[in-house]
Every structure is written in structure tokens, then in C-alpha cells.
Amino acid sequence: MTEVKRTTIILFSGDYDKAMAAYIIANGAAAYDHEVTIFHTFWGLNALRKDEPLALKKGFLEKMFGKMMPRGADKMGLSNMNFAGIGPKMIKHVMKKHNVMTLPSLIEMAQEQDVKLIACTMTMDLLGLQEQELLDDIEYAGVAAYLADAEDGNVNLFI
Amino acid sequence: MTEVKRTTIILFSGDYDKAMAAYIIANGAAAYDHEVTIFHTFWGLNALRKDEPLALKKGFLEKMFGKMMPRGADKMGLSNMNFAGIGPKMIKHVMKKHNVMTLPSLIEMAQEQDVKLIACTMTMDLLGLQEQELLDDIEYAGVAAYLADAEDGNVNLFI
Amino acid sequence: MTEVKRTTIILFSGDYDKAMAAYIIANGAAAYDHEVTIFHTFWGLNALRKDEPLALKKGFLEKMFGKMMPRGADKMGLSNMNFAGIGPKMIKHVMKKHNVMTLPSLIEMAQEQDVKLIACTMTMDLLGLQEQELLDDIEYAGVAAYLADAEDGNVNLFI
Chain C
708 MTEVKRTTII LFSGDYDKAM AAYIIANGAA AYDHEVTIFH TFWGLNALRK DEPLALKKGF
768 LEKMFGKMMP RGADKMGLSN MNFAGIGPKM IKHVMKKHNV MTLPSLIEMA QEQDVKLIAC
828 TMTMDLLGLQ EQELLDDIEY AGVAAYLADA EDGNVNLFI
Chain U
708 MTEVKRTTII LFSGDYDKAM AAYIIANGAA AYDHEVTIFH TFWGLNALRK DEPLALKKGF
768 LEKMFGKMMP RGADKMGLSN MNFAGIGPKM IKHVMKKHNV MTLPSLIEMA QEQDVKLIAC
828 TMTMDLLGLQ EQELLDDIEY AGVAAYLADA EDGNVNLFI
Chain W
708 MTEVKRTTII LFSGDYDKAM AAYIIANGAA AYDHEVTIFH TFWGLNALRK DEPLALKKGF
768 LEKMFGKMMP RGADKMGLSN MNFAGIGPKM IKHVMKKHNV MTLPSLIEMA QEQDVKLIAC
828 TMTMDLLGLQ EQELLDDIEY AGVAAYLADA EDGNVNLFI
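Each protein sequence line maps, in turn, to chains C, U and W.
In this text, residue positions in the first sequence follow the numbering used here: the first is 708, and each later residue adds one.
In this text, residue positions in the second sequence follow the numbering used here: the first is 708, and each later residue adds one.
In this text, residue positions in the third sequence follow the numbering used here: the first is 708, and each later residue adds one.
Excised from the complex, chain C in its bound form (with noise of 0.2 Å):
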């Protein structure tokens, strides 16, 4: 009987390059027989939007970090050399040129290997996000549950 081996990551970060470390990670473990799990928290709940509007009842300060914040993994900005959005093109160029991956298809990858992915609620709520507006088949869970997956895991971290 082998042992199943683990991964957990916490994105928290918003950003299109950490994000796409995170799923890198993900998708590689997932192929290695890992059961892997991703924890969006805060920012990182932004790369499971999606990229239209709705039209759901917020309150002013939730309509505005809806507004400030990127819609969905596509619109995300880099850590570095940002650029007010150069940066983002530029890396994008690249990819395509070396035939990487772009982030929307490393989380459709992701799905498809059926890593865990979580919406942290207590964010959710602070930012003002509904179920709604994030990707189907998700699941939407507190810390205890990331740390209840963690506690078993081989690689835990934090992005």
C-alpha cells in the first residue's frame, strides 16, 4: 500500500506570474498521483472570476473593489515590471512563442486533473464576491479545511 502524497497551495496573490507558478506546481504534482489542493484567499480569488459582469445587488464598497479588482485570470497584472499592462503582454508573447501554457488553460488543466480548488468564504465576503461570479465547480471553504488538507500535506505553500 502506498501512501498518498499531498500538495497544498494558498494563492493569495493576484498576480499573473505567482498564479501561474501556482498552477505549474498544481498541475505537476497532480500528474505525479498528488492529491493537490488550491486555497485562494484575497487576491488570488481573482483568477477564479469570470471575466463578464453581473448584475448582482453589492453594497458601494463591494461594487468598488469589484470594479478595481482584475475580472478573472486573463486581465491579471505581474508582480514585476508591470508596466501599467506592457509587462503582461510581453510575457504573454513569449509563452505563446515557447508554447506555455496561459493561466485560464493551466486552471482548466487544473479541473481537469481534478486538483481541489477553494474559494476562501471569509475573503469572499470582505471583497464582496458571490458564488456567481466565480468558475463553476468550485468548492467554498474556511481555513479549517485548508488546514485539515495541509496538515497531511508533503509540500504546503504559500503564494
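The set of hints was computed from the structure by calculation and includes no laboratory data.
Please note that the accuracy of each hint is not assured.
As the list claims (entries may be wrong) - For lysine-lysine, the following DSS-like pairs were computed, each having C-alpha atoms within a straight-line distance of at most 25 Å:
1. U:LYS823 / U:LYS712
2. W:LYS799 / W:LYS757
3. C:LYS803 / W:LYS764
4. C:LYS803 / C:LYS782
5. U:LYS764 / W:LYS803
6. W:LYS757 / W:LYS782
7. W:LYS803 / U:LYS765
8. U:LYS764 / W:LYS799
9. C:LYS770 / U:LYS803
10. C:LYS764 / U:LYS803
11. C:LYS796 / C:LYS757
12. C:LYS803 / W:LYS774
13. U:LYS770 / U:LYS782
14. W:LYS782 / W:LYS804
15. U:LYS823 / W:LYS712
16. C:LYS770 / U:LYS804
17. C:LYS774 / U:LYS796
18. C:LYS764 / U:LYS804
19. W:LYS804 / U:LYS764
20. W:LYS823 / W:LYS782
21. W:LYS765 / W:LYS782
22. C:LYS796 / W:LYS765
23. C:LYS757 / C:LYS823
24. U:LYS796 / C:LYS764
25. W:LYS765 / C:LYS799
26. C:LYS803 / C:LYS757
27. W:LYS765 / C:LYS803
28. W:LYS764 / C:LYS804
29. C:LYS782 / C:LYS799
30. U:LYS757 / U:LYS823
31. U:LYS799 / U:LYS782
32. C:LYS764 / U:LYS799
33. U:LYS774 / W:LYS803
34. W:LYS799 / U:LYS770
35. U:LYS770 / W:LYS803
36. W:LYS804 / U:LYS765
37. C:LYS774 / U:LYS799
As the list claims (entries may be wrong) - Not everything, but these chain U residues come out facing chain W in the computed CB check (under 7 Å):
38. PHE719
39. GLY721
40. PHE749
Heads up, the beta-carbon is just placed ideally off N, CA and C, and yes, glycines get one too.
Could you slot chains U and W onto chain C? The hints should help.
This is chains U and W only, laid out in the frame that chain C set:
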């Protein structure tokens, strides 16, 4: 005999939101009977500063660092959408609305739950921070103390 | 027979202070007989760049990235209070005063202690970095090599 679970967090960041994430995880883990260590280094030391200024003997650069860095958890900025201090006000407003604990309360709770709070002595020297400026009842140590806790850790994070 | 302890660090950040933290932990762990791996990806690759410019054949964007990114550990900025390059000078000044090792010395020490330094080949491609531009005696590999080390790791960090 059940094995003790252990969580360690290196808090390197001086951002309010990242420190919140660190302390939420720490308090969660402590509630699940983990032994928890938060090792504060570099800008993460600011979370441990008392908010009143003290008249201390310091070199010029150390005085400068002391003035420029946030004096305590409540003064820290956001890693994202800080907007010259408006972001933290917005976040604190929605936190209050959703009954989410503030960072100073989370730190207090961690101390009540016996989370071990360590200040990294090497970076205290670099940034010119002295023991009198930091919260009471914390420990002072270096990277060796961190490693001793982390190598038995189930969940080890760098934030 | 004692079990080998293992520490792995993904160095994603291109900031001087974060790279310092990574290398201080790595050197500490190596001193305590851990097998240590630092996997340099994205901006973390800059810590491995040689400081002299080389005349290499590159595409336009790759040339741009090469020019805009810091050429080696000594040229990297701070994650916080960088102030257009004044921050790193201040920090290096207090480091000297307190006999704290510089980042280039920490990297040298890591190599002497047989810390395994890996450059991520996928992100080298993206950023147009070639082997001749990076330090000697490092390894070149992808995420699979990282995971193989990390899944046996006691301490696995993402910095």
C-alpha cells in the same frame, strides 16, 4: 499517544493583509491543537511594534528606518490596492461590517492561544529595532530557532 | 540510521531582501545537515546572473527583458522602501556595520555548503536567459525536479 502537530510561519511581509492571513492561519492551527510559531523577520517585525514612539538612542539610519516603517499592526498598508492608505480604511470598514477580527485583535488572540511569537534578532539589528519597541511576552531568536521548530512542522509557510 | 532532513526553497522573487531571507535559511539548514535545494524561477533567476553583460544572440523581447532585469544579486532592489535604489544602499550600509553577509557572499557560501542551486529552464526560456549568463556550477531543471526534492522535504518554502 497522539503526535503533536506543528505549524510554523515566517512572517517576512509588512503588509496588513498578508499579516492578517498569517495570523488567521496561526489562530486556526492553534484552535486545532497545533503548536504554532510565527517567526517575524524583516518588515514582518513591524506587526510587533508598539504604537507609541519611544525616545531611544539610535544611529541615523536606524532612526530613519524607525520613522519610515509603520509603528505597529494597525498602521500597516495593503500589498494590493493600498491607494496611499485609502485601501486599508476600506478593508477595515468591510471587516467591521462582516465581524472579521482586526490584525491587532488577531495578534492578541494568538498570544492568548500561546502561539509562540519570535522576533528575528538579526533583522532587528539591521532595522535598528530594540526590545522596548516591541510587544511584551514575545521571544527573541535567530534562524536556528526557526529551523528547530520547522523541521518537525506539518505546515511551514513563508508569508 | 538517522533520516536525512531536507529543505527546499522556491525563490520566485527578484528582491534583494527576499533573496537574502532565502539564502540565510538555506545556509542555516545546510549547517544543520539538511540537504538543501533552491529552485530559482521567474525573477528569482536574477540572483544567479553574472554581473558582466555578454554579447548573445537574442530576440527583441528577450533582449529587453535582459536589459531591464537586474544583472546579478548585487543589483537587486528591495521589496519594501526601495526608494529608487536608495533603500538597498541604506540596508547594505547597516549590514556592513552589523557584519551581516551580503547576498553575493551568502550565495557563495551556499555553493560551498553544497546547497543545490537549480535554475528553472521553463522560465529561463520565457525571460530569454541563457546558461552562459548564469553562475557556474548550478543545475538546470523543471518543476518535476523540484517536486521530487520537495515531496521528501521537512521544510518547503515559496519565497
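Checked hints:
1. U:LYS823 / U:LYS712: The hint holds at about 14 Å.
2. W:LYS799 / W:LYS757: holds (20 Å)
3. C:LYS803 / W:LYS764: holds (20 Å)
4. C:LYS803 / C:LYS782: holds (17 Å)
5. U:LYS764 / W:LYS803: holds (20 Å)
6. W:LYS757 / W:LYS782: The given pair, whose Cα atoms are some 11 Å apart, holds under the 25 Å limit.
7. W:LYS803 / U:LYS765: holds (16 Å)
8. U:LYS764 / W:LYS799: holds (21 Å)
9. C:LYS770 / U:LYS803: holds (17 Å)
10. C:LYS764 / U:LYS803: holds (20 Å)
11. C:LYS796 / C:LYS757: Within the cut-off at roughly 20 Å; holds.
12. C:LYS803 / W:LYS774: holds (21 Å)
13. U:LYS770 / U:LYS782: Satisfied, since the Cα-Cα distance of roughly 18 Å is no more than 25 Å.
14. W:LYS782 / W:LYS804: Holds, at roughly 20 Å.
15. U:LYS823 / W:LYS712: At roughly 23 Å apart (the allowed maximum being 25 Å), LYS712 of chain W and LYS823 of chain U satisfy the hint.
16. C:LYS770 / U:LYS804: holds (15 Å)
17. C:LYS774 / U:LYS796: holds (17 Å)
18. C:LYS764 / U:LYS804: holds (16 Å)
19. W:LYS804 / U:LYS764: holds (16 Å)
20. W:LYS823 / W:LYS782: It holds: about 23 Å lies between the C-alpha atoms, which stays within 25 Å.
21. W:LYS765 / W:LYS782: The given pair, whose Cα atoms are some 22 Å apart, holds under the 25 Å limit.
22. C:LYS796 / W:LYS765: holds (19 Å)
23. C:LYS757 / C:LYS823: Distance ~18 Å between LYS757 of chain C and LYS823 of chain C Cα, so the pair holds.
24. U:LYS796 / C:LYS764: holds (22 Å)
25. W:LYS765 / C:LYS799: holds (17 Å)
26. C:LYS803 / C:LYS757: Judged against 25 Å, a Cα distance of about 22 Å means the pair holds.
27. W:LYS765 / C:LYS803: holds (16 Å)
28. W:LYS764 / C:LYS804: holds (16 Å)
29. C:LYS782 / C:LYS799: holds (12 Å)
30. U:LYS757 / U:LYS823: holds (18 Å)
31. U:LYS799 / U:LYS782: Within the cut-off at roughly 12 Å; holds.
32. C:LYS764 / U:LYS799: holds (21 Å)
33. U:LYS774 / W:LYS803: holds (21 Å)
34. W:LYS799 / U:LYS770: Within the cut-off at roughly 16 Å; holds.
35. U:LYS770 / W:LYS803: Measuring from Cα to Cα gives roughly 17 Å; hence the hint holds.
36. W:LYS804 / U:LYS765: holds (13 Å)
37. C:LYS774 / U:LYS799: Distance of about 19 Å is within 25 Å: holds.
38. PHE719: holds (6 Å)
39. GLY721: This interface hint holds because 6 Å falls under the 7 Å limit.
40. PHE749: Constraint on PHE749 of chain U satisfied, holds at 6 Å.
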